[in-house]
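The hints should help you fit chain B onto chain A, whose structure is shown.
Protein chains: 2
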Amino acid sequence: MLLSEFKLNDNEPIYKQISNELKRMIEEGMLVEGSKLPSTRELSNILGVSRNSCVHAYELLEDEEYIQITKNKGAFVSHRFKKHDLRWRIGWEDKVSSFGKMAVKLDIIKSEMPTQKGMISFKSIAPDEKLFNLEQIRRDFLNSISVDGEKLFNYGYAKGYKPLIDYLKSYMQNKGVNLSDKDILITNGFTEGFDIVLSALTSAGDRVICENPTHNTAIKLMMLHSLELIGVNFKNGVMDTEQLKHELTDNTIKLIYLTPSYHNPTGTVMSANKRKEVYELCRTSKVPIIEDGFNEELLYSSSHVSSIAALAGEDNSVVYIGSFSKILFPGIRIGWIAADKKLIDVLESIKRSRNIHNSVLDQAFLYEYLRSGNFEIYLKKVRKYYKDKYMFAVNCAQKYIPGCKIYGEGGLHIFLELERIDARMLLDESIKRGVDFMPGDVFYIDKSSKNTLRLGFSRVGLKDIEKGFRIIGECIEKLQK
Amino acid sequence: MLLSEFKLNDNEPIYKQISNELKRMIEEGMLVEGSKLPSTRELSNILGVSRNSCVHAYELLEDEEYIQITKNKGAFVSHRFKKHDLRWRIGWEDKVSSFGKMAVKLDIIKSEMPTQKGMISFKSIAPDEKLFNLEQIRRDFLNSISVDGEKLFNYGYAKGYKPLIDYLKSYMQNKGVNLSDKDILITNGFTEGFDIVLSALTSAGDRVICENPTHNTAIKLMMLHSLELIGVNFKNGVMDTEQLKHELTDNTIKLIYLTPSYHNPTGTVMSANKRKEVYELCRTSKVPIIEDGFNEELLYSSSHVSSIAALAGEDNSVVYIGSFSKILFPGIRIGWIAADKKLIDVLESIKRSRNIHNSVLDQAFLYEYLRSGNFEIYLKKVRKYYKDKYMFAVNCAQKYIPGCKIYGEGGLHIFLELERIDARMLLDESIKRGVDFMPGDVFYIDKSSKNTLRLGFSRVGLKDIEKGFRIIGECIEKLQK
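Just so you know, the sequences run in chain order A and B. What the first sequence shows, in the numbering used here, is residues 1 to 481, in sequence order. What the second sequence shows, in the numbering used here, is residues 1 to 481, in sequence order.
Next comes chain A alone, as it looks inside the complex (with noise of 0.2 Å):
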């Protein structure tokens, strides 16, 4: 029963009923301990009495200890109440679907020892939040309300803020890549866009092929869709094309998801006459391609190379997945898949059916932030500032942890490959230490790998980057007598 659905009689003073009223709904559970009644002048509105009565009826239920008052936070319904003898405990351990449980067990963060304060952590490959320009970012922000008012506010679009769509689209087609009949969804991030491209195109069971060692969140999500996973491995920080063309002899390969540049882990860059050859294999065998744009805006950096997206050109074979957000704003999370009008148009019912849409608020501030230029001033800068970071981490690590091969070829991380160290083990020596690194077995399908590590240096300063890879040199090199 409401109050508002409460009747008065005449027969005994207001503040009598309303406090007999409130009392049996107290007593009942009803009303529960802990909340908040109206206030007074809320209930006289409510029941059409005067405020008089409603103040005497919360005098007296406090006199009897129903509820307590607190000047300037109003009334709460006392504790003394309980309304059962025995909780109702639910085990929700016994709950959990097996979808649930395997979420769990594949998320590293629940697994890896958590960076302790102080520490110096190699661990992450996040942007420096140092280089975002807040005076910007404030000024983009404020232009985009003036753009849109409260329309940000309000329900947008599943495909995305239409803007941005648009520039996304110049921006890819700048890059080379014929959009004819293909077209653009906005997802939180890689990792929403991913997932629902593995919705849409595949069922529990289904092969696909990867790269061996690969993005470790890519591998999660395949593994989460029950996918047979097969691993295509590196040789010296290339992929093996041999093993590639044999494995696309079985014609039951759903998809290959492929990370061209600065992959993750190894920060190897798949050079062009590469992308060409991995292409036509699977042009030959008719697998389509999930690209991972992965930090691809670094490129240009050093060289200039067409993602396989463009060298697809008229073919609508590719479905490109790109994120700033590696480099740019994490923190908002937006994505986008460009793929064939029609497979889009499927992505789009998955991502309505999930979340209805993005942020409109992010993805308008995003567009102003690239519309306004400052994207480009942004990327003139990190490419640099990474770039010199990476040259001295190079340095640092072949004057410091002798006896490895490192990877990389620019981006926000390196790869070691030791000889005959366990990294598992380096990894607790180093934290003893006060260094902590991404040991490279989280990046490969089987957990084969035992002597590799990911180092990312984007969030270390340049003295904690010499300073920690000496210890973790040091490490070694006790680990090794």
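Because the hints were derived from the structure by calculation, they are not lab data. Incorrect hints may have been included.
In silico SDA-like cross-links for lysine to any residue, where the CA-CA straight-line distance does not exceed 20 Å [to be verified]:
(1) B/LYS95 <-> A/SER226
(2) A/LYS162 <-> B/LYS117
(3) B/LYS380 <-> A/ASN72
Structure of chain B alone, referenced to chain A:
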């Protein structure tokens, strides 16, 4: 091959070597048609040669129509070089998984007629964005940037932005919810919250109970999870608890999904007595409850009734999914799940696997909007505004649409049950006369109801409400003849 890998020799002029190499890359499709070349300044840096050699090389390439140079835009690969005679066309329709097909089929936006410009549309139950106060929004945004700075734009936590979580905890405690051994996860609105909960707790084929009719997005999600839906019917706008009791005797029921406040689509509020009765029935059968807190915030306008999560007290049996975004800022997509700690731990891993976390910027902004008291001010304003509109809509319905039952006790919509009129036929008629609404069948798990419709009035002006309802009434009259 990357440009940076290009080795120069001493036998030929440098400009010639450069242009030959670029020609080869263009001819072999590694530099694709339409793509932009690096500027001559960039190229001279990459290759370590004079800028003049690069300018010369580009001129030669332009003469031979390999590239086109547009002033102030740059050099682009010409369109005359096609790579393949035959395009590789993938028939994506045939590649789509059964899940993807279902997502399209259940996407009512794709099957319903889109609302034409100039029409009076009662389809939407989105808030009226004119009620948002842009000045306050601007201020709260700038404040949140001042507090956290660049951090808002870098990675955050899967569980959510800590100050917002803490705020929501005390917000729920003030509403009488006992949060001991419970926790909160931030999600992209109700939709993502419900999807994550279903992923964690259900597997294909599981049986779940829901109200019938109910929120069509919830029906879609339960179907996409391949659940078997058992609908409990409404009698005169009230859930049939006799039927519920009967359905709960089936001990394979996984969970029950309920929307007790301003139920979508009927607009009715479940009374406190009914809430308690439903809770006790679930308690006896040990069936966990997913409570959709839909528009609960509007409740205090006319009544005071505890959420089922509050009635549960110390029990850990209710998974509460909250969202302000039905009345406030749907565009930024923020909702939350309050549930048992151990369950939240699982939901957090699923959230991380789907899209890492919600936009930190939006969470920090919303926190500031709540903290500053602007939310309370807004709520007071909109409760009155929507209540007045609701009264007006009910009056118009009574006046212009005779012979129908009107359901709804406030909120943003009313629900009509017609006598012997097919709502789809009525929709066809009224669309012809420029009036659009949501046919009720989309809210029924078996689409069984033919004679109901939902009329959202939140974004329709008073004049148009009157005009639109009058037209609907006239269309009914026409159909009755």
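Structure-based check of each hint:
Proposed proximity of B/LYS95 and A/SER226 is supported: the alpha carbons are some 17 Å apart, at most 20 Å. Distance check on the hinted pair: A/LYS162 and B/LYS117 sit about 18 Å apart at the alpha-carbon level, within 20 Å; holds. With a C-alpha separation of about 18 Å, the suggested pairing of B/LYS380 with A/ASN72 holds against the 20 Å cut-off.
The structure agrees with every numbered hint stated previously.
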